[in-house]
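Sequence lines, in order, name chains A and B.
Its first residue numbered 89, the first sequence is counted upward by one per residue in this note's numbering.
Its first residue numbered 85, the second sequence is counted upward by one per residue in this note's numbering.
Keep in mind that a hint or two might mislead.
Derived PhoX-like pairs: lysine-lysine, alpha-carbon spacing no greater than 25 Å straight-line [said to hold, decoys possible]: (1) Lys101(B) - Lys182(A); (2) Lys159(A) - Lys128(B); (3) Lys182(A) - Lys146(A); (4) Lys122(B) - Lys130(A); (5) Lys146(A) - Lys125(A); (6) Lys156(A) - Lys125(A); (7) Lys145(A) - Lys156(A); (8) Lys122(B) - Lys101(B); (9) Lys128(B) - Lys110(A); (10) Lys159(A) - Lys110(A); (11) Lys194(A) - Lys101(B); (12) Lys125(A) - Lys128(B); (13) Lys182(A) - Lys125(A); (14) Lys194(A) - Lys146(A); (15) Lys136(B) - Lys194(A); (16) Lys130(A) - Lys156(A); (17) Lys122(B) - Lys125(A); (18) Lys130(A) - Lys159(A); (19) Lys136(B) - Lys110(A); (20) Lys110(A) - Lys194(A); (21) Lys159(A) - Lys145(A); (22) Lys122(B) - Lys156(A); (23) Lys182(A) - Lys110(A); (24) Lys136(B) - Lys125(A).
A few chain B positions that, by computed beta-carbon distances, are all more than 12 Å from chain A [stated by the list, open to error]: (25) Gln98; (26) Ser108; (27) Tyr119; (28) Asn188.
Hints were generated in silico from the structure; no laboratory data involved.
Positions of the beta carbon are idealized from the N, C-alpha and C atoms, including for glycine.
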Amino acid sequence: GENVEQHPSTLSVQEGDSAVIKCTYSDSASNYFPWYKQELGKGPQLIIDIRSNVGEKKDQRIAVTLNKTAKHFSLHITETQPEDSAVYFCAASKMGSGYSTLTFGKGTMLLVSP
Amino acid sequence: DAMVIQNPRYQVTQFGKPVTLSCSQTLNHNVMYWYQQKSSQAPKLLFHYYDKDFNNEADTPDNFQSRRPNTSFCFLDIRSPGLGDAAMYLCATRLGTGLHGGGNEQFFGPGTRLTVL
């Protein structure tokens, strides 16, 4: 089955700095890679996703890059703000089936200090 | 607003006393998932439904059961909760159609935090 590794487990940055979280996956058939943000006591929320036919996707301060050959993808947050503090999960999945499921990484706790 | 609703948000039960957690959705999605999330860990998939078709993960304990009486509702039954079952339980939905046209995003509810005394 799919295995997703995520690093680092914790990341502390100063407000305004950039943050980068990296994930690797094992199943070359995976073709959908979402990133979720989970605040304390809440359910995960999708912040950005990327499909395997795209190498990069950007949404304001958030971007995701995908290297299919190396089987790794990364989340980039620029100009971090204290409200970006949360746990971030990467995941991998195979699209196209009603039975497809997500395999999550173990999460990264991001702390943005004012 | 269309959303995934979980009730209750906090549930306390006694060791061995059956408990049921509920999830409802107004998104009219085909797929519903139940996850268990323990502190500082990733969500762990327990099972999911594609319409009425039930799919159990291989390592989900028999103590956990699920029912989906209609498109909108899904229930998680824990028959004899143990101390190790204390966790956040997350429900999620996905449209489940459209190979390239979308329907891949999972929408999560706020979760039910279960305490076992």
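Hint check:
For the hint pairing Lys101(B) with Lys182(A), the CA-to-CA distance comes to about 38 Å; that exceeds 25 Å, so the pair is violated. At most 25 Å may separate the alpha-carbon atoms for a hinted pair to count; Lys159(A) and Lys128(B) meet this at roughly 22 Å. Between the alpha carbons of Lys182(A) and Lys146(A) the distance comes to roughly 22 Å, so the proposed pair stays at or under 25 Å and holds. Straight-line distance between C-alpha atoms of Lys122(B) and Lys130(A) comes to about 13 Å, which keeps the hinted pair within the 25 Å bound.
The hinted pair formed by Lys146(A) and Lys125(A) meets the criterion: a straight-line CA distance of about 16 Å does not exceed 25 Å. For the proposed pair Lys156(A) and Lys125(A), the alpha carbon gap of about 23 Å is at most 25 Å, so the pair holds. With a C-alpha separation of about 14 Å, the suggested pair Lys145(A) and Lys156(A) falls inside the 25 Å cut-off, and the hint holds. For the hint linking Lys122(B) to Lys101(B), the alpha-carbon distance of about 20 Å falls within 25 Å, and the restraint holds.
Of the pairs offered as hints, the one joining Lys128(B) and Lys110(A) holds, with about 20 Å between alpha carbons and a cut-off of 25 Å not exceeded. The hinted pair formed by Lys159(A) and Lys110(A) meets the criterion: a straight-line CA distance of about 11 Å does not exceed 25 Å. A C-alpha spacing of about 31 Å is found between Lys194(A) and Lys101(B), which places the hinted pair above 25 Å, so the restraint is violated. In summary, the hint linking Lys125(A) to Lys128(B) is supported, as the alpha carbons are separated by about 16 Å, within the 25 Å threshold.
Our distance criterion of 25 Å between C-alpha atoms is met by Lys182(A) and Lys125(A), whose separation comes to about 21 Å. Using a Cα cut-off of 25 Å, the hinted pair Lys194(A) and Lys146(A) holds, with the two alpha carbons roughly 23 Å apart. Pair hint Lys136(B) plus Lys194(A) does not hold up; C-alpha atoms about 30 Å apart against a cutoff of 25 Å. Note on Lys130(A) and Lys156(A): the hinted pairing is violated, with a Cα-Cα distance of about 32 Å set against a maximum of 25 Å.
Simply put, Lys122(B) and Lys125(A) have alpha-carbon atoms about 16 Å apart, close enough for the 25 Å limit, and the pair holds. For the hint pairing Lys130(A) with Lys159(A), the CA-to-CA distance comes to about 30 Å; that exceeds 25 Å, so the pair is violated. At most 25 Å may separate the alpha-carbon atoms for a hinted pair to count; Lys136(B) and Lys110(A) exceed this at roughly 36 Å. The suggested pairing of Lys110(A) with Lys194(A) holds, with an alpha-carbon distance near 11 Å, which does not exceed 25 Å.
At most 25 Å may separate the alpha-carbon atoms for a hinted pair to count; Lys159(A) and Lys145(A) meet this at roughly 16 Å. Distance check on the hinted pair: Lys122(B) and Lys156(A) sit about 31 Å apart at the alpha-carbon level, beyond 25 Å; violated. Taking the CA atoms of Lys182(A) and Lys110(A), the gap is near 19 Å; set against the 25 Å cutoff, the hint holds. Using a Cα cut-off of 25 Å, the hinted pair Lys136(B) and Lys125(A) is violated, with the two alpha carbons roughly 30 Å apart.
Every Cβ of chain A is farther than 12 Å from the Cβ of Gln98(B); the closest lies at roughly 23 Å, confirming the non-interface assignment. With a least beta-carbon separation of about 14 Å from chain A, Ser108(B) lies farther than 12 Å from that chain, consistent with its non-interface assignment. At roughly 9 Å from the closest C-beta of chain A, the C-beta of Tyr119(B) falls inside 12 Å, breaking its exclusion from the interface. Its beta-carbon lying about 5 Å from the closest one in chain A, Asn188(B) breaks the requirement of being farther than 12 Å from that chain.
Of the numbered hints given earlier, the model fails hints 1, 11, 15, 16, 18, 19, 22, 24, 27, 28; all others are met.
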